[in-house]
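Asker: Listed in order, the protein sequences are those of chains A and B. In terms of this note's numbering, the first sequence has 93 at position 93, counting the first letter as 1, and numbering is strictly consecutive. In terms of this note's numbering, the second sequence has 60 at position 60, counting the first letter as 1, and numbering is strictly consecutive.
Hints may be right or wrong, so weigh each one.
[Said to hold, decoys possible] Computed spacing ranges between beta-carbons, pair by pair: (1) Arg177(B) <-> Ile287(A): 24 to 32 Å; (2) Gly323(A) <-> His134(B): 28 to 36 Å; (3) Pro186(A) <-> Lys175(B): 35 to 43 Å; (4) Arg177(B) <-> Thr288(A): 47 to 55 Å; (5) Gly188(A) <-> Thr185(B): 33 to 41 Å; (6) Arg35(B) <-> Ala412(A): 48 to 56 Å; (7) Leu411(A) <-> Pro59(B): 30 to 38 Å; (8) Pro286(A) <-> Pro222(B): 28 to 36 Å; (9) Gly188(A) <-> Pro59(B): 24 to 32 Å; (10) Pro173(B) <-> Gly255(A): 34 to 42 Å; (11) Asn56(B) <-> Thr243(A): 42 to 50 Å.
Hints were generated in silico from the structure; no laboratory data involved. Idealized CB from N, CA, C, for every residue including glycine.
So you can see what is in the structure, the chains are spelled out below.
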Amino acid sequence: MKPARVFGVFLSGALLILATSVPRLVEGEGPTEAPTTALDARVDDLHNGFGLKGTPIDKCAEDPVPNRSFEDNKFIFNELETLQDGLGPLYNDVGCGSCHQSPIAGGISQSKELRAGHLNGGNFVNPPGGQSLIQLRAIAAAIQERLDNAPLENIRTLRTSLNTIGDGFVEAIDNSTFTVIQLTQPLGFQGTIINVPVVEAGGASRIGRFGWKDQHASLQSFSGDAYLNEMGITNPFDGNGGTQENNSLGQSVAGFDNVADPEDDGDDVEAFANFMRATRAPGRGPITAAVQRGELFFTTVQCSVCHTPTITTAPAGTIINGGEFTVPPELGNKIIHPFSDFMLHDIGTGDGIVQNGGPATRNMVRTPPLWGVRTRPEMMHDGLSLTFNEAIQRHAGTGGTASRTLFNALLASQKDDLIAFLKSL
Amino acid sequence: MSAKRLDSVCLLFLWGACILVFGCAAPQPPRRTRREAPPPPPEINPAPEPLPAGHNPAPPKPSEVRNVVSRIFHDVVTVQSDWKPSFLVGDFNGDVSQDLVVIVRPVAGNLAFINEELAAWILVDPLRTAIRQHVRIDENDVLLAVVHGFGSTGWRHSLATQTYVLRGVADGPIKVRARKQVLHTVDKDKLPRLWGDVIEQTINGQSGFLYYNGAKYGWYDPRSYKPAPAARIVHGEVIR
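Generate the whole structure from the sequences, applying the supplied hints.
Answerer: This is the structure we're talking about:
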């Protein structure tokens, strides 16, 4: 072969390699499906790619570590707090992972929290101490909160612990997406949107999406609140600036608290939030023919109006949480299937508690996302419905009644299919 | 085809491929940032809606009650018209829509339907709310069926289908007492949260009332009621 020809072939090959190594055009690239986890503790598939995965650890560095890995954050999420960490004096459990554990880290559990209050002239009033949460544990018997010490508080309700797997995608939903969903809901089904403060952004407003009352909009605020109220660890994101422990139905517990406030400098809270942000979305169970038929009935009987099947997150690069977080590529422009509109509705089961949404939301609860519901044997906000049918029969209000009536009009085999679909979520 | 010509075709093909691939490629654009849409104005946070003005629907007629029972249960139960009264109305779930409570009995041979897993009603044993048992109706049970109303026409509305079937509590004549009246006469500290009106009843010689608690119907016995949360399972332990 002539040298010129050899050179020509070589040059062409080099150009081809170079050309294929140049990135493809990404402008206008469509949204892609969010990665999912099998919800199986035997499978290591929870990390969605946000941040480094790292390797599992059994001890954590005391001092703050920048850019902790997913495995580090998971360890901190599952860590059991002690008296030395500032646990209590009043608390509900000793770690995030104690209540958010099944079937994998970040999931659910049978743990419930107790809320209480009473009405005065039609207005909701918190128990003495100023908050509806009654902590079910204390570090000393003398300060245990008991409702027989507050007999006036005749509004009492339990709240099941929520799944947090996939919550990073929920945080990455643009405010405008919720308003569009709301506008497309027929009258009677329309959810209620509330604005809540983002603590880390100095109280900037954002549409609430976390908690049974939509009381939080960012995972950092949500974690800071839980660290104080569920574990008793004061921190900069707890809503009080990390300066104030919860009291025991109005009685100070200062004498039982030997750890200086804030008990966490915010490092743990960031780890909790970043752990949740780095989780995949809950994946589906086997999709059988019955499940596919049931999905159609789910839409036909209008469950899907509030249990919104599909939402697309904001594009990567979107600045959210009042400017405190930028949606990363791992969470941005992702199609998720939460089966929730994340809005508040009164379906006749209301818990009677007012939090961030004002008096009108007293009997409203957030549409529980149904992704991962197959892992939840106790349903509705109070966990008092033990079968899907019973949960459906509890739906009232305009939209709830319409859907329930349509469900009850299905043939037995069609109901079976719809339940099979729910069991696949 | 000669070797020379074949080489030329190959080279041409390679060059063409390069042009095509280059043409479809572009340098990675810098990631653009944008702020998410602002939340809706604060006034969107809802104000409490005023309750609809009270109205006095006509008293229920036995034929209307039979129609409602038939609409919900088909021929699974029958109204016990020999009980006096066999039906009453009130707003038991506090949604300002009139509800109906009616005494019924399973129709012989239809027991399987009333106990069906996917039935269009919720079976409740108000005397055993602390135990998460599966409630089953027996052939000889006399039952209270509470039909929650819908909209301004209450239990007469065609969408008034949410129904609770209570067993073990039809022990004597029933009476409806308004929520306000109960709150006025009984020490509030000794009452559970009342969503609406209550159904007074005497069970095993003890008078009390049935009340809606947001999930089911509970039994209030003034002698034994303690203002404490119902037994529940927390962290794997039953706590009373």
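Asker: Does each hint fit the structure? Answer for all of them.
Answerer: Against the structure, the hints:
1. Arg177(B) <-> Ile287(A): 24 to 32 Å: violated (52 Å)
2. Gly323(A) <-> His134(B): 28 to 36 Å: Cβ of Gly323(A) to Cβ of His134(B): about 52 Å, so the range 28 to 36 Å is violated.
3. Pro186(A) <-> Lys175(B): 35 to 43 Å: holds (40 Å)
4. Arg177(B) <-> Thr288(A): 47 to 55 Å: About 51 Å separates the Cβ atoms of Arg177(B) and Thr288(A), which means 47 to 55 Å holds.
5. Gly188(A) <-> Thr185(B): 33 to 41 Å: holds (37 Å)
6. Arg35(B) <-> Ala412(A): 48 to 56 Å: Given about 51 Å between the Cβ atoms, the range holds.
7. Leu411(A) <-> Pro59(B): 30 to 38 Å: holds (37 Å)
8. Pro286(A) <-> Pro222(B): 28 to 36 Å: Distance hint for Pro286(A), Pro222(B) is violated at roughly 52 Å.
9. Gly188(A) <-> Pro59(B): 24 to 32 Å: holds (29 Å)
10. Pro173(B) <-> Gly255(A): 34 to 42 Å: violated (56 Å)
11. Asn56(B) <-> Thr243(A): 42 to 50 Å: violated (55 Å)
Checked against the numbered hints given earlier, the structure breaks hints 1, 2, 8, 10 and 11 and satisfies all the rest.
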